[in-house]
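Colleague: Listed below, chain by chain, are the residues.
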Amino acid sequence: MPETNYDQEMAFFVDMQRCIGCHACEMACAECETNGQESMIHVNYVDREKSPQTTVQVCMHCEDPTCANVCPADAIHQDEFGVVHSANTSRCIGCSNCVLACPFGVPKKMEEAELMMKCNMCYDRTSAGKKPMCATVCPSQALFFGTKEEIERMRPDSEPVNSFLFGQQEVNTKVNVMMPKGTHQLIIP
Amino acid sequence: MFRLFKTLNRLALIKATIAAVLTIALVLIGSRNLQNFDPALIAYLIGTVFAIFGIAYRYSVWIQRPPTKLYWRRSMQFLFSKYFFPYLWRSTKLFFRNILFQRFIAYRSRTRWFGHFMLATGCLLAFAITVPLTFGWIHFVLKPGDETTYYALLFGFEAGSFSLGSPLAFIAFHGLVWCSVLVTIGAVMMMKRRFTDGGLIATQSFENDWLPLILLIAISVTGLGISYDYTFLEGKTYQFMAVTHAITVVLFLVWLPFGKFFHIYQRLAQLGANLYKTEGKRRGMATCPHTGKEFATQTHINDLKKVSKELGFNYDKEGGRNHMDLSPEGKRSALATAHLKARKEGGKLFG
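Chains as they are written, first to last, in our numbering: chain A, 1 to 189; chain B, 1 to 351.
Don't take every hint at face value.
Below, computed lysine-lysine pairings styled on BS3-like, alpha-carbon distance capped at 30 Å [what the hints assert, rightly or not]:
| no. | chain 1 | residue 1 | chain 2 | residue 2 |
| --- | --- | --- | --- | --- |
| 1 | B | Lys317 | A | Lys181 |
| 2 | B | Lys293 | A | Lys109 |
| 3 | A | Lys131 | B | Lys348 |
| 4 | B | Lys143 | A | Lys109 |
| 5 | B | Lys192 | A | Lys131 |
| 6 | A | Lys109 | B | Lys306 |
| 7 | B | Lys317 | B | Lys348 |
| 8 | B | Lys281 | A | Lys109 |
Hints listed in this document are in silico derivations from the structure and should not be mistaken for laboratory results.
If we strip away everything but chain A, and leave its shape as in the complex, we get (with noise of 0.2 Å):
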């Protein structure tokens, strides 16, 4: 990787339940370079029949990423500070083992081209000490990126999670979603 400015002492939290279901989010990411224009973040209803709540959605940087384990080729590579980038376009070759293994329904298949794409952390713009585009445009900070502090003091109530539990699996994130005080673990049943 070329010289960075990656600061460590930033982190992302995410707050589904504050997701208004704008779409900002979505304009924004396609401005990342690193996505060659492409939205990488989702945005969906999560029961549209029988409610109006939206969820959103950004790679959640696995400490040990399922995606890069069951790629055949190599592709997913994760760097020192822990981003698991989007797969290298000479590698793939757009088997979708990431898109489905990934716990959190993160990975896209750009059928047409055979390739997977996912959210990087807009590693163009992290990488230069700035923040990802979809937590700059967020308007109601569902998406958040900044210090712990910062986010301690916003939100006193709450408590940033990075482990999750989908059936028998821990899984371990960079990314830390917003809790009730005292929750240590987010169990998908």
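Fit chain B to the given chain A structure using the hints.
Modeller: Relative to the frame of chain A, chain B by itself:
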């Protein structure tokens, strides 16, 4: 040094040795016991045998990884099934479309495809010309009494002829010049992207992205130097041109199995992935329990559950369910639902 031997992959070492020995045997057979072998090309021969050893070794290590092994096994199983002919036809079409013409890159960007196509075509043509020449498989001779016709021998058998000074001779003898032009144009186009694209500037590295392009241009320019020398300089600088070209080519060959160029061989797996999807669709699709929509082939989901377990991930849930039964959208919704439940239980929706 001893540690290096201890960490060697035994199976890969055996396969790579067989590949290298087979290559040497084919050189002996094809050049008629070195009778048609050009000793001036010995450095290239050694470099090529090393490259074949290295590629076979790395390929073998690569396909031993659980997900790769699965794709490899499945691809072979599906190809050599009762659908052999339709699948062979499909794979052949895709080989031309996606491997030789790399059309999938056009959907990423048209200029990028054009640059890559020039680069790849130049390289593949150059391989097709230089490998048989280096191995002594192709050899040109003049016959007594006829000093204007060149005869091409393939594996020692006459395979065609052309008149010296004819347009065909000009095209054939300058084959590597055309390749160099294609490679240089392609490499410059790819370099331009790396100078101007913000995303690439942020993520590229010298050894993986710049060095291959610099090396290809160096090979092309020094190769053109040889032609320039014998065409315009009466061979006065031949030694310098020949040695610098040999150095760049041997560096390329030695590096071929390790660096970015490995993707040339890796790319073939794309054909297997396509076959896997086609046969999977025939066998049946998986439906997401959350969205109620088909999202992948059931074969893929079942295989992925097994492979991920082999890799130490267990997404099994209560009641025989598995998190991988959910589509990507289903997974995002499951996470949001669990989050909402936790927030409700915490007493505050927005902490």
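Colleague: CA of Lys293/B to CA of Lys109/A, is that 30 Å or under?
Modeller: Status holds; Cα separation ~17 Å.
Colleague: Going straight from one Cα to the other, do Lys109/A and Lys306/B come out at no more than 30 Å?
Modeller: 22 Å, holds
Colleague: Next pair to validate is Lys131/A with Lys348/B; report whether the Cα-Cα distance is within 30 Å.
Modeller: It holds: about 28 Å lies between the C-alpha atoms, which stays within 30 Å.
Colleague: Could you grab the alpha-carbon distance between Lys317/B and Lys348/B and see if it respects the 30 Å cut-off?
Modeller: 28 Å, holds
Colleague: Could you grab the alpha-carbon distance between Lys192/B and Lys131/A and see if it respects the 30 Å cut-off?
Modeller: 27 Å, holds
Colleague: Check whether the Cα positions of Lys317/B and Lys181/A lie no farther apart than 30 Å.
Modeller: Satisfied, since the Cα-Cα distance of roughly 26 Å is no more than 30 Å.
Colleague: Run the distance test for Lys143/B versus Lys109/A: straight-line Cα separation, threshold 30 Å.
Modeller: Violated, at roughly 59 Å.
Colleague: Between Lys281/B and Lys109/A, is the straight-line Cα distance small enough, at 30 Å or below?
Modeller: Given that 30 Å is the threshold and the Cα spacing comes to 17 Å, the pair holds.
The structure does not agree with numbered hint 4 stated previously, though it agrees with all others.
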